Every structure is written in C-alpha cells, then in structure tokens.
Amino acid sequence: MYVYILGGFLGSGKTSLMLNLTSMYIDRGQKVALLVNESGDVGVDGATMKREGYDAIEMPNGCICCTLASSLQEGLRSIARDLKPDVILIEPTGLALPHRVKDLVRIAMIDEEETILIGVVDAQRFDKLISKKSEFFDRQMQGCNFILINKSDTVSSEKLAEIRNWMSSEYPDKPIHSVSVKEGSNMDEVHELMK
Amino acid sequence: MTDKNTTDFNENSMDYAGGVAVGVTGYITNFNADAQARISGALMEIGKWIDEESGAFLGHVKCGIYLENGDGVTLNLTNLENGVEVHGILEPAEKVGFSILCAVLDVDKHELEHMLLHALEDTFLDIELTKGSHSHKHDDHCGCGDNCKCGNHHEHHHH
Ligand SMILES: Nc1nc2c(ncn2[C@@H]2O[C@H](COP(=O)(O)OP(=O)(O)OP(=O)(O)O)[C@@H](O)[C@H]2O)c(=O)[nH]1
Ligand SMILES: [Mg+2]
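Those sequence lines, one after another, are chains A and B. In terms of our numbering, the first sequence has 331 at position 82, counting the first letter as 1, and numbering is strictly consecutive. In terms of our numbering, the second sequence has 34 at position 21, counting the first letter as 1, and numbering is strictly consecutive.
If you are wondering where the hints come from, they were derived from the structure by calculation, not from laboratory data. No experiment lies behind these values; they were computed from the predicted model shown. Mixed in with the good hints there might be a few duds.
Below, simulated SDA-like cross-link-like pairs (lysine to any residue); rule was C-alpha separation at most 25 Å, straight line [stated by the list, open to error]:
{"id": "1", "chain 1": "A", "residue 1": "LYS382", "chain 2": "B", "residue 2": "ILE140"}
{"id": "2", "chain 1": "A", "residue 1": "LYS299", "chain 2": "B", "residue 2": "ALA106"}
{"id": "3", "chain 1": "A", "residue 1": "LYS381", "chain 2": "B", "residue 2": "GLU24"}
{"id": "4", "chain 1": "B", "residue 1": "LYS61", "chain 2": "B", "residue 2": "THR38"}
{"id": "5", "chain 1": "B", "residue 1": "LYS144", "chain 2": "A", "residue 2": "ASP304"}
{"id": "6", "chain 1": "A", "residue 1": "LYS431", "chain 2": "B", "residue 2": "ASN95"}
{"id": "7", "chain 1": "A", "residue 1": "LYS299", "chain 2": "B", "residue 2": "PRO105"}
{"id": "8", "chain 1": "A", "residue 1": "LYS408", "chain 2": "B", "residue 2": "GLU98"}
{"id": "9", "chain 1": "A", "residue 1": "LYS381", "chain 2": "B", "residue 2": "GLY96"}
{"id": "10", "chain 1": "A", "residue 1": "LYS299", "chain 2": "B", "residue 2": "LYS108"}
{"id": "11", "chain 1": "A", "residue 1": "LYS299", "chain 2": "B", "residue 2": "GLY145"}
{"id": "12", "chain 1": "A", "residue 1": "LYS431", "chain 2": "B", "residue 2": "VAL99"}
{"id": "13", "chain 1": "A", "residue 1": "LYS382", "chain 2": "B", "residue 2": "LYS122"}
{"id": "14", "chain 1": "A", "residue 1": "LYS408", "chain 2": "B", "residue 2": "ASP64"}
{"id": "15", "chain 1": "A", "residue 1": "LYS431", "chain 2": "B", "residue 2": "GLU94"}
{"id": "16", "chain 1": "B", "residue 1": "LYS61", "chain 2": "A", "residue 2": "GLN373"}
{"id": "17", "chain 1": "A", "residue 1": "LYS431", "chain 2": "B", "residue 2": "GLU98"}
{"id": "18", "chain 1": "A", "residue 1": "LYS431", "chain 2": "B", "residue 2": "LEU93"}
{"id": "19", "chain 1": "B", "residue 1": "LYS144", "chain 2": "A", "residue 2": "PRO309"}
{"id": "20", "chain 1": "A", "residue 1": "LYS377", "chain 2": "B", "residue 2": "LYS108"}
{"id": "21", "chain 1": "B", "residue 1": "LYS144", "chain 2": "B", "residue 2": "LEU80"}
{"id": "22", "chain 1": "A", "residue 1": "LYS299", "chain 2": "B", "residue 2": "SER53"}
{"id": "23", "chain 1": "A", "residue 1": "LYS299", "chain 2": "B", "residue 2": "ILE140"}
To spell it out: a stretch of chain B is covered by chain A in this simulated footprint if at least three of its residues, at any positions, have a beta carbon under 8 Å from a beta carbon of chain A; those stretches are [unchecked claim]:
{"id": "24", "region": "31–39"}
{"id": "25", "region": "71–85"}
{"id": "26", "region": "91–105"}
{"id": "27", "region": "132–138"}
Note that CB positions come from ideal geometry on N, CA and C, so glycine has one too.
So that you can see chain A by itself, here it is in the shape it has in the complex (with noise of 0.2 Å):
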C-alpha cells in the first residue's frame, strides 16, 4: 500500500489532483481509498468527489496536521484494516503543513511501503503568494517528494519558465513538473511517476 499526500495552497488544485489520480488508479484496477479535510467546519471537497461519483471519507472540524493529528491516524489504521486499499489519497487543508501529514502517517504504523508528498503549486498565482507569504510558502514545500507547478495553460511559457528556474534553485532536490490538470497537459508524466 502506497500513501500519497496531496499538499499545496488553498486552491492551487490537489482536488483537482485527486479526482484525474483517482481515475487513473481505477482505470489500472487499483483500488484508492480517498481521505480530505477542510479547514472549518464545512466541506465542499467531498462533494466534488462525491458528484464524480467517489466517495471520499471527509474529517471536518481541524486540520490533519495539527488539531487532529490523532483521527487523521485513527482513519488511516480504519481505512487500512477494512478497506485494504493498494493506494491511499489525502488532502490536507490548503492551510496545512503537508510534511507534518507524512510524519504523521509514519508513525500510524499501518505497514505502508512508503508515503509520498506531492506539492502542488499554483503557477497563476505564484508571485502573489510569495510575495506575501513565501515563509509559509517554503514550509508547505517542506518534505515534498516531487512538486508539481499546476495551471500551466493559465501563464505564459516565458512565465512558467522562470517559476520552475525558481523553484528549481529553491529546491534543488526535488523534482519539479509543469502541468494542467484541468487541460491534463504533461500528465502522463505524473501518472508514470505513481507507483
């Protein structure tokens, strides 16, 4: 069983994500179990879901990374022992410190082969979040396996180079990938890298 966290800032597409990955697991005859949480007490992710006809197991009222670090792997230890799922998807909140997400799912103990952070980043609106808040930015960075730059179809070639320049000098470790979720552009390149 793989765990994959779908980490990035409100709105840059993790359900988005969520949706085009939980396809794809389907259509390979893998079966995905689908956690999300939210910040506040409202949802509206597990309906998005729901409405393409998944049924995702939501945790409202906190953050998984914080708040409620002990349900987050009290759901995992549930999902793991009586869905038996070969790939587990979670979102965090787009307020949440994904790297937190995976030290949490470590210490879960429910036998995963490995857990993999994905960082999604938003390239439209990429220099109004640095500018304002690129500490917050970097730690959401923290612990990210690979990171995609997702909206490709919504800046410029020019522009999304010189996001991944950036990010490539900030993180010179991590793989980074330019793509449209919404467009599905440079997705099979995701799809190959998801075990």
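Got chain A; can you put chain B with the ligands on it based on the hints?
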C-alpha cells in the same frame, strides 16, 4: 532550502499562515440557473471584499450545490480575474443542499462571517441555513453589539 525538521504538532498551521475559514451549510428552494448565477455573484462579492480588506485575495471561496443523490455543481473562486469557475451541471430543482467555504488569508474572521451572510442575503434567494458559522443570530440589525466590526450595518441596503 533544506528540509529542516520543524515538526511541532502543537502549533496550529492555520494560525501560522494567518488563515481563516468560514462556512455555511443549508438549503436553497427553487434552484435554477438564475439562482446559480446569484450565488456566483455572492462569491464574487466576497472575493472582492477580501481583496480590498487584505490587499490581495489569496485563498479559495467555494460552493457545492447538490441533490441527495450526489449530482451537483461546484463553484470555485481562487482568482478574481478568472471569475467564478463552474464545474458540473445541475438542473432546476425544488430544493437543493449547498455549502459554502471561504478559506483565506489576512482578514478578520468575524467580519468575513458577516460578509458571507450579507452576500447571501443580497441574492434574495430562499435560503435556509442549517449551519451558519455565525455564533449568534444574524438579522438586519445584526445584534452583535458594540464590538462588531461589520461595517455593513447601516449602509447596507435591503432593497
Ligand atoms: N486553469 C486551470 N485551473 C485549474 C487547474 N487545476 C485546477 N484548477 C481550478 O482551480 C480551482 C481550485 O481547484 P481545486 O482542485 O478545488 O483546488 P484545491 O487545492 O483542492 O483547493 P482547496 O481544497 O480549497 O485548498 C478550480 O476551479 C479548478 O478547476 C489547471 O490546471 N488549470
Ligand atoms: Mg480541495
């Protein structure tokens, strides 16, 4: 940058980011394309307010509208220039469930709650809230007392 070990599970990441999350859940009676457009308008209104208030709209204002069988539509606002993005199609229906979540940076939570409720009122739709994130009953006079920072009490138009 290196992956330093900064795990401290006691620190609340939402506070750390300066984030706030405000949401409501409820039902809309007589849902149709016009109602959907009005809800989109309300999300835009909230987004513009956040932009002015915080200096830059950074976050996600989203709404799910759905039937019991799971059919539904999602409205997303992450960037004012893009406007509200609509995913899915929902045919007119007598009564639909909905939820709205605003998760954003650098605004006052209490003020955002007010903005959300005012924006919903401005739609003039038949809305019943089952979970308002407001801690006290909201009416035209608001009743929040002197500490309420909602700037909309007096100049707000109830057409
Ligand atoms: N143009 C474009 N829009 C995208 C892309 N990926 C996602 N979006 C849109 O961005 C908006 C937010 O996407 P979500 O997938 O809900 O983002 P999220 O990261 O799950 O958001 P939160 O859960 O609120 O943090 C939606 O309207 C998506 O359709 C993309 O590749 N290109
Ligand atoms: Mg999401």
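Evaluated hints:
1. Distance restraint check for A:LYS382 and B:ILE140: the Cα-Cα separation of roughly 36 Å exceeds the 25 Å cut-off, and the hinted pair is therefore not satisfied.
2. The straight-line distance between the Cα atoms of A:LYS299 and B:ALA106 is roughly 19 Å, inside the 25 Å bound, and the hint therefore holds.
3. Annotation: proposed proximity of A:LYS381 to B:GLU24 holds, straight-line Cα distance about 21 Å (limit 25 Å).
4. Distance restraint check for B:LYS61 and B:THR38: the Cα-Cα separation of roughly 22 Å lies within the 25 Å cut-off, and the hinted pair is therefore satisfied.
5. Proposed proximity of B:LYS144 and A:ASP304 is supported: the alpha carbons are some 22 Å apart, at most 25 Å.
6. For the hint linking A:LYS431 to B:ASN95, the alpha-carbon distance of about 14 Å falls within 25 Å, and the restraint holds.
7. Between A:LYS299 and B:PRO105, the direct Cα distance comes to roughly 19 Å. Compliance with the 25 Å bound is thereby established for this hinted pair.
8. For the hint linking A:LYS408 to B:GLU98, the alpha-carbon distance of about 23 Å falls within 25 Å, and the restraint holds.
9. At most 25 Å may separate the alpha-carbon atoms for a hinted pair to count; A:LYS381 and B:GLY96 meet this at roughly 22 Å.
10. For the hint linking A:LYS299 to B:LYS108, the alpha-carbon distance of about 19 Å falls within 25 Å, and the restraint holds.
11. Among the hinted pairs, A:LYS299 with B:GLY145 is consistent with the structure: their alpha-carbon atoms are about 23 Å apart, no more than 25 Å.
12. Between A:LYS431 and B:VAL99 the alpha-carbon distance is near 13 Å, which keeps this suggested pair within the 25 Å criterion.
13. Of the supplied pair hints, the one linking A:LYS382 and B:LYS122 holds, its CA atoms being roughly 19 Å apart against a limit of 25 Å.
14. Distance restraint check for A:LYS408 and B:ASP64: the Cα-Cα separation of roughly 23 Å lies within the 25 Å cut-off, and the hinted pair is therefore satisfied.
15. Between A:LYS431 and B:GLU94 the CA atoms are separated by roughly 17 Å; this keeps the pair inside 25 Å, and the hint holds.
16. Only pairs whose Cα atoms come within 25 Å are accepted, and B:LYS61 paired with A:GLN373 is accepted, the gap being roughly 18 Å.
17. Distance restraint check for A:LYS431 and B:GLU98: the Cα-Cα separation of roughly 12 Å lies within the 25 Å cut-off, and the hinted pair is therefore satisfied.
18. Of the supplied pair hints, the one linking A:LYS431 and B:LEU93 holds, its CA atoms being roughly 18 Å apart against a limit of 25 Å.
19. The straight-line distance between the Cα atoms of B:LYS144 and A:PRO309 is roughly 13 Å, inside the 25 Å bound, and the hint therefore holds.
20. For a cut-off of 25 Å, the pair hint linking A:LYS377 to B:LYS108 is broken: about 39 Å separates their Cα positions.
21. Taking the CA atoms of B:LYS144 and B:LEU80, the gap is about 17 Å. The hint holds against a cut of 25 Å.
22. Distance check on the hinted pair: A:LYS299 and B:SER53 sit about 21 Å apart at the alpha-carbon level, within 25 Å; holds.
23. As the CA atoms of A:LYS299 and B:ILE140 are separated by approximately 23 Å, the hinted pair is consistent with the 25 Å bound.
24. Counting residues of the region 31–39 of chain B whose beta carbon lies closer than 8 Å to any beta carbon of chain A gives 7, which reaches the threshold of three, so the coverage claim holds.
25. Counting residues of the region 71–85 of chain B whose beta-carbon sits less than 8 Å from any beta-carbon of chain A gives 10, enough to reach three: the coverage restraint holds.
26. Residues of the region 91–105 of chain B lying with their CB closer than 8 Å to a CB of chain A number 5, which satisfies the three-residue condition for coverage.
27. Coverage of the region 132–138 of chain B by chain A is violated. Counting CB-CB distances below 8 Å, 0 residues qualify, and the rule asks for three or more.
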